[in-house]
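*Asks:* My request is simple: use the sequences and hints to build the entire structure.
First to last, the protein sequences are chains A and B.
Each step along the first sequence adds one to the number in this note's numbering, with nothing skipped, and position 221 is 221.
Each step along the second sequence adds one to the number in this note's numbering, with nothing skipped, and position 366 is 366.
What the hints contain is simulated information worked out from the structure, not anything from laboratory work.
Values in this document were obtained by computation on a predicted structure and should not be read as measured data.
Treat the hints loosely; a few may be bogus.
Each pair may be met inside one copy or between any two copies, as identical chains are not told apart.
[What the hints assert, rightly or not] Simulated pairs of lysine-lysine, DSS-like, Cα-Cα distance not exceeding 27 Å:
no., residue 1, residue 2
1, Lys-63, Lys-240
2, Lys-342, Lys-114
3, Lys-63, Lys-51
4, Lys-63, Lys-19
So you can see what is in the structure, the chains are spelled out below.
Protein chains: 2
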Amino acid sequence: MPTRRPLSALDRTFLAGEKRESMMHVGVLAPFSPPVDPPRDFLRSLVEELKRKPKAYPPWTLKLRHPELLASPLQAWIEDDDLDVEYHVRRSALPSPGDERELGILVSRLHSNKIDFHRPPWEVHFIEGLEGGRFAIYFKVHHALVDGFTGMRLLTRSLSTDPSDADTPLFFARPPPERAKRVEAPGEPTFDHLLHLLRDQVGASRDVGRAAMNLLRAARSKERALVAPLQAPRCVLNGKITRNRRFATQRFDVERLRRIARAHGGTLNDAVLALTAAALRRFLLEQDALPREALTTMVPVNIRPKGDTGGGGNEVGAILASLATDIADPRDRLRAIVASTKRAKEQLQGMSKSALMQYGALMLAPMLLSLIPGAAGRVRPAFNVVISNVPGSDSPLYFRGWRAEAIYPVSIPFHGYGLNITVGGYAGELDFGFTGCRDTVPHLQRLAVYAGEAADELEAAMGLRET
Amino acid sequence: MPTRRPLSALDRTFLAGEKRESMMHVGVLAPFSPPVDPPRDFLRSLVEELKRKPKAYPPWTLKLRHPELLASPLQAWIEDDDLDVEYHVRRSALPSPGDERELGILVSRLHSNKIDFHRPPWEVHFIEGLEGGRFAIYFKVHHALVDGFTGMRLLTRSLSTDPSDADTPLFFARPPPERAKRVEAPGEPTFDHLLHLLRDQVGASRDVGRAAMNLLRAARSKERALVAPLQAPRCVLNGKITRNRRFATQRFDVERLRRIARAHGGTLNDAVLALTAAALRRFLLEQDALPREALTTMVPVNIRPKGDTGGGGNEVGAILASLATDIADPRDRLRAIVASTKRAKEQLQGMSKSALMQYGALMLAPMLLSLIPGAAGRVRPAFNVVISNVPGSDSPLYFRGWRAEAIYPVSIPFHGYGLNITVGGYAGELDFGFTGCRDTVPHLQRLAVYAGEAADELEAAMGLRET
Numbered sequence: 001m002p003t004r005r006p007l008s009a010l011d012r013t014f015l016a017g018e019k020r021e022s023m024m025h026v027g028v029l030a031p032f033s034p035p036v037d038p039p040r041d042f043l044r045s046l047v048e049e050l051k052r053k054p055k056a057y058p059p060w061t062l063k064l065r066h067p068e069l070l071a072s073p074l075q076a077w078i079e080d081d082d083l084d085v086e087y088h089v090r091r092s093a094l095p096s097p098g099d100e101r102e103l104g105i106l107v108s109r110l111h112s113n114k115i116d117f118h119r120p121p122w123e124v125h126f127i128e129g130l131e132g133g134r135f136a137i138y139f140k141v142h143h144a145l146v147d148g149f150t151g152m153r154l155l156t157r158s159l160s161t162d163p164s165d166a167d168t169p170l171f172f173a174r175p176p177p178e179r180a181k182r183v184e185a186p187g188e189p190t191f192d193h194l195l196h197l198l199r200d201q202v203g204a205s206r207d208v209g210r211a212a213m214n215l216l217r218a219a220r221s222k223e224r225a226l227v228a229p230l231q232a233p234r235c236v237l238n239g240k241i242t243r244n245r246r247f248a249t250q251r252f253d254v255e256r257l258r259r260i261a262r263a264h265g266g267t268l269n270d271a272v273l274a275l276t277a278a279a280l281r282r283f284l285l286e287q288d289a290l291p292r293e294a295l296t297t298m299v300p301v302n303i304r305p306k307g308d309t310g311g312g313g314n315e316v317g318a319i320l321a322s323l324a325t326d327i328a329d330p331r332d333r334l335r336a337i338v339a340s341t342k343r344a345k346e347q348l349q350g351m352s353k354s355a356l357m358q359y360g361a362l363m364l365a366p367m368l369l370s371l372i373p374g375a376a377g378r379v380r381p382a383f384n385v386v387i388s389n390v391p392g393s394d395s396p397l398y399f400r401g402w403r404a405e406a407i408y409p410v411s412i413p414f415h416g417y418g419l420n421i422t423v424g425g426y427a428g429e430l431d432f433g434f435t436g437c438r439d440t441v442p443h444l445q446r447l448a449v450y451a452g453e454a455a456d457e458l459e460a461a462m463g464l465r466e467t
Numbered sequence: 001m002p003t004r005r006p007l008s009a010l011d012r013t014f015l016a017g018e019k020r021e022s023m024m025h026v027g028v029l030a031p032f033s034p035p036v037d038p039p040r041d042f043l044r045s046l047v048e049e050l051k052r053k054p055k056a057y058p059p060w061t062l063k064l065r066h067p068e069l070l071a072s073p074l075q076a077w078i079e080d081d082d083l084d085v086e087y088h089v090r091r092s093a094l095p096s097p098g099d100e101r102e103l104g105i106l107v108s109r110l111h112s113n114k115i116d117f118h119r120p121p122w123e124v125h126f127i128e129g130l131e132g133g134r135f136a137i138y139f140k141v142h143h144a145l146v147d148g149f150t151g152m153r154l155l156t157r158s159l160s161t162d163p164s165d166a167d168t169p170l171f172f173a174r175p176p177p178e179r180a181k182r183v184e185a186p187g188e189p190t191f192d193h194l195l196h197l198l199r200d201q202v203g204a205s206r207d208v209g210r211a212a213m214n215l216l217r218a219a220r221s222k223e224r225a226l227v228a229p230l231q232a233p234r235c236v237l238n239g240k241i242t243r244n245r246r247f248a249t250q251r252f253d254v255e256r257l258r259r260i261a262r263a264h265g266g267t268l269n270d271a272v273l274a275l276t277a278a279a280l281r282r283f284l285l286e287q288d289a290l291p292r293e294a295l296t297t298m299v300p301v302n303i304r305p306k307g308d309t310g311g312g313g314n315e316v317g318a319i320l321a322s323l324a325t326d327i328a329d330p331r332d333r334l335r336a337i338v339a340s341t342k343r344a345k346e347q348l349q350g351m352s353k354s355a356l357m358q359y360g361a362l363m364l365a366p367m368l369l370s371l372i373p374g375a376a377g378r379v380r381p382a383f384n385v386v387i388s389n390v391p392g393s394d395s396p397l398y399f400r401g402w403r404a405e406a407i408y409p410v411s412i413p414f415h416g417y418g419l420n421i422t423v424g425g426y427a428g429e430l431d432f433g434f435t436g437c438r439d440t441v442p443h444l445q446r447l448a449v450y451a452g453e454a455a456d457e458l459e460a461a462m463g464l465r466e467t
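*Replies:* Laid out in structure tokens, this is it:
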């Protein structure tokens, strides 16, 4: 009997929003370092092996029942009995010199290609030709099948913590884990977790557009006094997007960022905002496009609501925070960011659980609305940039002896939100993935470079290191 | 004042037919051999040079006025004042071992990607990592901007016949030639030339669908007695196509094929049909899908109509010919093909010029109809496979000292015509490009291999060489 799985209203929203310009697939980029004595033609043999013995488990074997009518009310996931492994598993190579720039260009192109809904909506690319005999995996999946949080978890769990494990299967060739009864509380607050929590609110309505509108209306009317969202200034980042993507990466040592944040009473997350703020300020100044008012960002945070005696783990909420891009001095800017996130979290802590949910819904509403055809442009962005995160792994991970150097999330720009910054935690580092619309955010790779230099600048300003 | 150029009804047909599954772009693949002492990082420096001094001339600077509404009656070409050279000129690389198979896979993927109509609709890819220090150019353009005939001519004219010419510009950086007063008669009969001739018949009607239907009706009613088209058997090649492509190549020495053809009183074109027929027969037999009746093909031919005293050059017509795939013996099969094309040409020769045009229209009608949404599937294919050709160059061509080894056309599969074989003549060889729908024609690369082995088999059967 064929597997058949209905779609949640939220997953249907992600399908309904799928257009050539606004593609709803997420991804992961992971470069791997070779073991001491790497086998010759490792990737060639690997891909040949996969083709000889194709094996895949759900959800990787599921495809849409109505690929030609994504928004069909009868939409469902059905089993693909004839999975074409050669289509989903691909080899690619970088042109010389095989550096980070060339890797960024290739991933930008691959991420710009639309998923084929006539097949299970995922692809994995093994990329050779990286400097130093390294290779990279770029993995891509539609958000309606697997969200970024789950995708990252499935990928990292399929890797091994043991460098001598020579038989690590690929993520799609691992049987699925026993289904958890309820969504487990993640260590880190994520967008996808917020979306899961909102699932009940969006409810079983078949009209996803109306559901999202109701959500927005409810949140607005009931909790207006509590919410008081920051007004986001108009900014070039918030235009309509086109069909092409840019992707760039940056890595930071977690302890290093913690030291920077602590010097001003902030958290690791505040340091992430400060680096992003510094990069965005410099980037927009160069284009003579920095708004006079501070840019704002929406960030998922952990919160324990008033009256909750704990035991149920953390609750995930979202806050709007200032990026203080109107402040030139890097230390003053960090101070302003720390003050802004503290204020926002205090406000959140004072809320009841139901108010907190409403608040989360309001924060997400503009994003959900941007998925609905025609709504884009009619709703003014409630914030300028999304800074999200996905949990990775604390330990280094290996694939048949090759060590994952970093695990970068590749995410979704929306109409009105041309830039997405998603941060993954991995083996004592934070791995930043900058995903943007090629036309709305030209020269996006500079943001990654500037974020790296911003850390040096902050350390120098604080006397945390010699200059 | 900005350049503005209206579209012909035919070009509008090609835009109206553009869908994710039926993409109307054509291409060229050309591998290049290195000079004796090739400069290091040749492609890297070349692409850097192009980005530093971007220069492009029409038609390469033209984009659509209404990219969101391709079939708009107000559609026109307008100048793109802000050409993003980095978007149009790209570097890529092959994974190991960099052989013909890997090249075919990469070109298949690139040809499967839809053109971005918000920009001038063309791309050029410089592909490194080919065995033996070689590289390849894959060039792609939408048929509504430049047809395959013109594209090939613009590309080959931009190359040099002089291996020591170190400054060859790229095709898009060459000023356009003076506009010819009328379409010049090509040495070889091509589809695109036929399409040009039909332009008047399609006329100025804004409703391209109705125009094509009128064309078909007129041709059917007036010339039924003359036409008597062969009935094409049902075949797996003639299904609905999907969005992915496969591409494979094969090369033959022209003199070798002439010898094979002459042995049975045939022409070079008959040899092309015989190799294709042998490859298709073996390919379909393997899949247990060979129709009992012979497959048929439509081929453009040169013809001088009755009463035409010449002086105006050749006329281009199209014939339907049998591929004699029902015959097992290779020599008997070639004989049957020669007889079939002779008969078809004699019939054509007996026609008046106007009847000849009607005949050409009828031959093309199913192809034009397949461009019209909804028509696919309702009209039974009038032939099984398109075997087309584009003129190349008799002399070897060079790009800054690198010799073009071959120039393969990459063409368009249509709904109902899942396989296209287009042949380019270049430097004493025939270069075959097999372009197919990935799902309708699985394992398409075998066709290229089988065509190569068919030449050996024919020579052996004829005693033209030792076996």
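*Asks:* Are the CA atoms of Lys-342 and Lys-114 at most 27 Å apart within a copy, between copies, both, or neither?
*Replies:* Intra 40 Å, inter 47 Å, cutoff 27 Å: neither.
*Asks:* How do Lys-63 and Lys-19 come out at 27 Å by Cα distance, when the copy is not named: within, between, both, or neither?
*Replies:* Both, since 18 Å and 21 Å are each at most 27 Å.
*Asks:* 27 Å Cα cut-off: does Lys-63 pair with Lys-240 within a copy, between copies, both or neither?
*Replies:* between (30 Å within a copy, 20 Å between copies)
*Asks:* For Lys-63 and Lys-51, with the copy left unspecified, which applies at a CA distance of at most 27 Å: within, between, both, or neither?
*Replies:* Classified as within; 20 Å inside a copy, 42 Å across copies.
The earlier numbered hint that this structure contradicts is number 2, and it is the only one.
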